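Those sequence lines, one after another, are chains F and A. According to the numbering used here, the first sequence holds residues 1 to 107 in order. According to the numbering used here, the second sequence holds residues 1 to 233 in order.
Keep in mind that the hints are not guaranteed to be accurate.
Said to hold, decoys possible - If we take Cβ atoms under 7 Å as the criterion, some of the chain F residues that face chain A in the derived model are: (1) Tyr14; (2) Ser18; (3) Ile23; (4) Val67; (5) Ala71; (6) Ser79; (7) Thr82; (8) Asn92.
Think of the hints as simulated: they come from the structure by calculation, not from any bench. Nothing here was measured: the structure is a model prediction, and the numbers come from that model. Backbone N, C-alpha and C fix where the C-beta goes; we use that ideal spot for every residue, glycine too.
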Amino acid sequence: MYKIAVVGDYASIYGFSSVGLDIYPVKDAKEGEDIIRRLSGSQYGIIYVTEELASRMPGEIARLRSVRTPAVILIPGVSGNTGAGIEGVKLNVEQAVGSDILFGDMD
Amino acid sequence: MPQTQVNPTRMELTRLKGKLKAATKGHKLLKDKRDELMRQFLDLARENMALRQKVEEGIKSANQNFVVAKASMSEATLNTALMAPKQQVNLEISEENVMSVEIPKYETKMESADENDIYSYGFAFTTADLDGAVRSISDILPDMIKLAEVEKSCQLMAAEIEKTRRRVNALEHVIIPRTQETIKYISMKLDENERSTQIRLIKVKDMLLNKTRDYDNAQDIYTIEVETPATGA
Numbered sequence: 001m002y003k004i005a006v007v008g009d010y011a012s013i014y015g016f017s018s019v020g021l022d023i024y025p026v027k028d029a030k031e032g033e034d035i036i037r038r039l040s041g042s043q044y045g046i047i048y049v050t051e052e053l054a055s056r057m058p059g060e061i062a063r064l065r066s067v068r069t070p071a072v073i074l075i076p077g078v079s080g081n082t083g084a085g086i087e088g089v090k091l092n093v094e095q096a097v098g099s100d101i102l103f104g105d106m107d
Numbered sequence: 001m002p003q004t005q006v007n008p009t010r011m012e013l014t015r016l017k018g019k020l021k022a023a024t025k026g027h028k029l030l031k032d033k034r035d036e037l038m039r040q041f042l043d044l045a046r047e048n049m050a051l052r053q054k055v056e057e058g059i060k061s062a063n064q065n066f067v068v069a070k071a072s073m074s075e076a077t078l079n080t081a082l083m084a085p086k087q088q089v090n091l092e093i094s095e096e097n098v099m100s101v102e103i104p105k106y107e108t109k110m111e112s113a114d115e116n117d118i119y120s121y122g123f124a125f126t127t128a129d130l131d132g133a134v135r136s137i138s139d140i141l142p143d144m145i146k147l148a149e150v151e152k153s154c155q156l157m158a159a160e161i162e163k164t165r166r167r168v169n170a171l172e173h174v175i176i177p178r179t180q181e182t183i184k185y186i187s188m189k190l191d192e193n194e195r196s197t198q199i200r201l202i203k204v205k206d207m208l209l210n211k212t213r214d215y216d217n218a219q220d221i222y223t224i225e226v227e228t229p230a231t232g233a
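Build out the structure end to end from the sequences listed, making use of the hints.
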């Protein structure tokens, strides 16, 4: 049985606690890395991370890309959409095909 | 370029022919795997993009709702209201095998069956805006789970496709041509050896023939020398 976590700045994620997701508010990238490392080793199947926080710890996010569990999924925070999530989808296509043939003209 | 340091023997030739056969078969299979993975991946990637746009839109509007809710009541009240959630999402992960890639399937189970348990507060001190905001998050949740499933599958499949593509290319452009070259080199070397053996045999035969002829001549001369006086007598 797995659980779902949301990691990011408090203002962006506090709403998710009401629907039954575990929230882990963090203040900086260092703290975020520690939390993600700890959560990825425990019983969390999905970890939602705010795009803004993810952009400050690319190494940890990249490491978890190839791991089967947990799935690390970027979500926009209150400060707005940075486009990192969409970028991630494009990156997948680029990795598989060699160049982005699906969304290359999208912006 | 043929492999350096190869023994031009018949045994090595048989071994290499077997290797070439296996490589060709493997190449064909891997190519099929890559094509099928690619087909499924492209569908999945399109779905991923559509879902992501939907979820991002949903979260954006939910965030706006929360900002509105926050504006209409004190922060302390808001924090207290959301402090002890009643609902808990449990996640079941099963796995599906797509062309030897294990992709996850998520299934959620709510801890409490009552869907009103997302409102973890009494309604006396909070505004209706908060109810709306919580509702909007709850509405987007199924899509968020689906997004996680599809996006993770995409990531795993992309990695597998990359690996398969490299293998196909390595077989097609390195292993197979190199083996073919080596096979050619060995069979040419073997033919050459055979020819040189034949020539050597012919030479030996010539030499033997010459020797015999010399011997015969010598015999003839001897016979003539020995027999002539006899006939003369």
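Structure-based check of all given hints:
1. Because the smallest distance between the Cβ of Tyr14 of chain F and any Cβ of chain A comes to about 6 Å, under 7 Å, the interface hint for this residue holds.
2. Using the Cβ-Cβ criterion of 7 Å, the hint placing Ser18 of chain F at the interface with chain A is satisfied: the shortest such distance is roughly 5 Å.
3. For Ile23 of chain F, the shortest C-beta to C-beta distance to chain A is roughly 9 Å, which exceeds 7 Å, and the interface hint is violated.
4. Taking 7 Å as the C-beta cut-off, the interface hint given for Val67 of chain F is violated, the closest approach to chain A being about 9 Å.
5. The beta carbon of Ala71 of chain F is positioned within 7 Å of a beta carbon in chain A (closest approach about 4 Å), and the interface hint is therefore held.
6. Against a cut-off of 7 Å between C-beta atoms, the interface hint on Ser79 of chain F is violated, since the closest Cβ of chain A lies about 9 Å away.
7. Proximity of Thr82 of chain F to chain A is violated relative to the hint, the smallest CB-CB distance being about 11 Å (cut-off 7 Å).
8. The criterion of a C-beta within 7 Å of any C-beta in chain A is met by Asn92 of chain F, whose closest approach is roughly 4 Å, and the hint holds.
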